[in-house]
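Protein chains in written order, with the working numbering: chain A, 1325 to 1564; chain B, 7 to 243.
Among the clues, some could well be false.
[Said to hold, decoys possible] Straight-line Cα separation of at most 25 Å, DSS-like style, residue types lysine-lysine; simulated pairs:
| no. | chain 1 | residue 1 | chain 2 | residue 2 |
| --- | --- | --- | --- | --- |
| 1 | B | Lys57 | A | Lys1499 |
| 2 | A | Lys1507 | B | Lys57 |
| 3 | B | Lys97 | B | Lys155 |
None of these hints come from the bench; they were simulated from the model.
Predicted model only: the values in this text are computed from it and were never measured.
Take a look at the letters that make up each chain.
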Amino acid sequence: MPKFKMAVACGAMALLAADGMAENGAAARGKKAYGRYCVSCHGVDGDGRGYEAQHLDPTPRNFTKGAFKWRTTPSGQIPRDEDLLRTIRNGLYATAMPPWGALSDQDLKDLIAYVKTFSPRFAKEAPDPAITIPPQPPNNASSIAAGKETYQTVQCGQCHGDGGRGDGPSASTLKDEWGQPIKAHDFTVGNLKCGNAPEDVYRVFMTGLNGTPMPSFTDSVTPDEAWHLVHYVLSLRQKH
Amino acid sequence: MSRFAASVVSLLFILGPAAQASAGSVTGKVVYEGKVPTFTPLDMNADPACKAKNPAPVMPEVLVLGDQSRMVNVLIFVVTAFPGKTFPPPKEPAVIHQHGCVYQPHVTGMMAGQELLFKNTDGVLHNVHALPVQNRPFNIGMPPTLKEKGRVVDLPEAAFRVKCDVHPWMQAYVAVLSHPFFAVTGGDGTFQIKDLPAGTYEIEAWHEKLGTRKASVTVGEGDTKTLDFTFGVPKAQ
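Pulled out of the complex, with its shape left as it was, chain A reads as follows (with noise of 0.2 Å):
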């Protein structure tokens, strides 16, 4: 009996032990290692003014307003856990931010626990959960055609151009959230940032992206049309 009780103490204070350094650890440790691995892009401040950003387009995240591209949450929200860690382990691609993910899984971990400490966003809100994206229907001729009538009809082109290509009427005066210029991507050539899976463009449409002028469609067409609509911009890469 007692030897039980002692390794039912013993389990649960471990428990508890292990969930306070989650908690009062992670951030610490996250320290150094964003100190290491971050900061001279991301800045010690986390507002994306590290030396390097001087030399970068785009600029490196800032981080206090707790806007993120890349989220599976609705438009305007912080990104999910998952959403963070993916950033990290993967990269994005077209910009200079490369993939860690040859860190240690308790080393990301600790580093979104910090990064989330520059925004009081993430102490005050709670993200929904990640958006569904349903079944993705063929992607053939009649869906690319589809798409392209749903790009007219929805006047992507107004910023991204009739070929896709960011020379839409609006792009040279598009600006982030920070007042700084920004282009509309070319669908023609280039990796798409957030990623060229047909789940990335269709979470990008429904979700939009957070900081930049690209808004949420998800009230205006409906998961099928945006499918379609997904099938046509991958139509365009240029493959070389």
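Using the hints, position chain B against chain A.
Below, chain B without anything else, positioned relative to chain A:
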């Protein structure tokens, strides 16, 4: 009525729920003083559809003056808190139209918990990119097929900006208050705040560029007090 009875009645009005009989109001006008900058008309070349809707030049909305230098689009509101009182938000939404490729109205006051409803009557793509700090920001695409979209704004907040990225000259300002005692000056630069319970209040006038002015006013039962505000640089004496 004897003076005693009158004061008892007044006391009952003050102590009881705000009765209409004791409600006062504040009216006034907002005037611009000083040299008026020369503005160039907005360039709507980015969207021929917008240009077509506006054959006459559209001036920037940063300073809109009516006759006699009266200021349009100034938000007037009571700053003083109302301890122990809560005011339910209206069921009707505060509506902002995207019409002629400008936001109408340019400045909106609304209550916390009220719906903010955007309408697109332009037949062109707009996006509603709201940049509040206390409330959750959002960026909603409104192609011609989406005629209206609303969001409930939960928290009181000083005026925040709403912009359209497709049409960068489009700006609107929205202030969220916890009470209904606010107004926005119209074309004649006047405002009226009604149904104020008797008391002393600090009133603020807010302009998107010229900042704020504050004044104090004491409103008795059934009183109408006048409070004028002036913005701008006074002429040299």
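Taking the hints in turn, this is what the structure says about them:
Restraint check: the Cα-Cα separation between Lys57(B) and Lys1499(A) comes to about 22 Å, which is no more than 25 Å; the hinted pair holds. Between Lys1507(A) and Lys57(B) the CA atoms are separated by roughly 24 Å; this keeps the pair inside 25 Å, and the hint holds. Straight-line distance between C-alpha atoms of Lys97(B) and Lys155(B) comes to about 16 Å, which keeps the hinted pair within the 25 Å bound.
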